[in-house]
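Visitor: For the record, the sequence lines run as chains V and B.
First residue of the first sequence? That's 1 in this note's numbering, and the numbers climb one at a time after it.
First residue of the second sequence? That's 1 in this note's numbering, and the numbers climb one at a time after it.
Quick caveat, the hints were computed from the structure, so don't treat them as lab data.
Simulated coverage check for chain V against chain B, where a stretch passes if three residues somewhere in it have a Cβ under 8 Å from a Cβ of chain B:
{"id": "1", "region": "252-265"}
{"id": "2", "region": "277-289"}
Some chain B residues near chain V, calculated using beta-carbon distances under 7 Å:
{"id": "3", "residue": "131"}
{"id": "4", "residue": "132"}
{"id": "5", "residue": "135"}
{"id": "6", "residue": "137"}
{"id": "7", "residue": "148"}
{"id": "8", "residue": "228"}
{"id": "9", "residue": "231"}
{"id": "10", "residue": "254"}
{"id": "11", "residue": "259"}
{"id": "12", "residue": "262"}
{"id": "13", "residue": "266"}
{"id": "14", "residue": "270"}
{"id": "15", "residue": "273"}
{"id": "16", "residue": "274"}
{"id": "17", "residue": "277"}
Here a beta-carbon is modelled for each residue, glycine too, at the ideal position from N, C-alpha and C.
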Amino acid sequence: MTRYITRRMAYSLLSLVLLSLTIFLFVRITGDPTTLLVEPGASQADIDAMRERFGLDQPIWVQYASFMQRLAHGDLGQSFYYRTPVLELYLSRLPNSLLLALAAMVFSLLIGVPSGILAAVRVGRFWDRAGKVFALLGLSLPSFWVGLVLILFFSVYLEWLPSSGSGTAWHLLMPAFALGWYFAAAHMRLTRSSMLEVLGSDYIKLARLKGLPESLVIAKHAFKNALIPVLTLAGINLVIMINVAVVVETVFAWPGIGRLLYEGITFRDFPVVQGVVLLAGGMIVIVNLLIDILYAVIDPRIRLEA
Amino acid sequence: MAMRSEAVPLTSRADRVRGLEGFPLLPVLILVGVALVAIFAEALAPHDPEVGSLAARFRPPAWQAGGSVEYLLGTDHLGRDVLSRLIFGARVSMVVGFTAVMVAGAIGTGLGIVSGYLGGWVDQVIMRVTDTWLALPALTFAIFLTAIVGPSEMNIVIILGAVYWTRYARVIRGEVLSLKQREFVRLAIVAGCSKGTIMRRHILPNVLNSAIVLGTLMLGVVIVTEASLSFLGVGVPPPKPAWGLMLADGKKGLMVGYWWLTVLPGSCIMLMVLSANLLGDWLRVKLDPQLRQL
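Bound-form chain V, shown alone (with noise of 0.2 Å):
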């Protein structure tokens, strides 16, 4: 367990490595990296100066180093429009988009599960199939036109929902909704093929023969089973949906880090994207690793295997 716990760590020490690796080779692969760093308009002293900081006339490696250094230490680089360290920008960004996310999230399972439960419950019938559509509907509407299709329906229409901004959960209602809606149709896949075989197993078989109620089998037994890993992929879904709502939150002008990632390409704040970036990428390696370990601790068989 330890042994195995160790080299799923390491393993994402790696990753984590690679992805800092990734990220700074990308930016002085493609040219002189202080046309990015430095402020656009930014003076000929201003550049050499901070050619000077960031070591560019150093051997790469040595450059890597202290980039890493800089990292390990939080220190992100400083915001071109906002005039703030990056990570503080992001941090003050960071409620704003979990509030989204696990509305969102609470959205997705509303409807994810219970048609999922429905699917497997009718295989091969009229609500699998059902289900089957709304699955594809879900992963074939980009979200930013299921977005833009409630603004014209619920504020300019209808005038009910406010088209943007945040403060209220009214504000919240829409972006949870089209943030959601890829996710549902994930969560519905995922709760179909669980259920389905859970609905297999011996003791499903059993609590049938006894002659229980087939409501109470499938809502006590095999949904309490199925549900597992329906939750860990909402998870790992609710740290992926903080770090890909950046279409959704430009739509609704939600205030979160996907609006902060666009404020960066339009400002041309190159510091905000690489720290988003990084950030989001180490976010998802670290929940990864946590859910790895969680599936140690809980399955044997998962141990034994590494």
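With chain V's structure known, arrange chain B on it following the hints.
Guide: Just chain B, lined up with the frame of chain V:
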């Protein structure tokens, strides 16, 4: 046999139903239609997609009050014909979508074969890089890359290729691992074929099916990503008519109810992605029974 699992007839029935679902005619027709529109865009478009007349701004579609037959689907904020822009936008989506899928497929399949066949440290290096790149959310990663190299149609293709090759590499590597154990590969080794020859002649043809299935499924993903990048202003640069860019422009007229500027390009994206996904799903079941398990 007395203890037959109940789930077996259930799932196999579902499989039968899936197997009976025929050729996705409508999706294929839509994709072919979009391709034809893209090829013959010059002949089909009634107006120049990039030049409008400011006198004809925000005209609604022909069937609405104030619309005219001259601008069948209305005009945008610069007075450009929406229909013409949609027609030329099909070209952008098709060209970017197909080339990006092919670039990603070529890189991913190549690295997947090398990684799976050679094994050892080569495999370790390629797979660790794959894992790391997979951890980056695709759109965020693509945005980062465009922020470095700047937006252009060519750059978008390269960037999408660089972002999405990892999905191929994973699947193809897995296939190669099992192909490697097969008789014909062993015989090729005995016959004295070099590693390069075996990978090219014996492994590659056997993983092409999977690569094609993956490619079809990726087409939709890639088109949505391109549209998202264009929507955010880091994709295809204006005034080129890309569907994502049209949506971004359409946002300006949304609050006053100019629905045609968002609903129409969005529907085009949706139709194309949906068609690609339906075709991909069907191909997956037909061509590659192994992939069904994924």
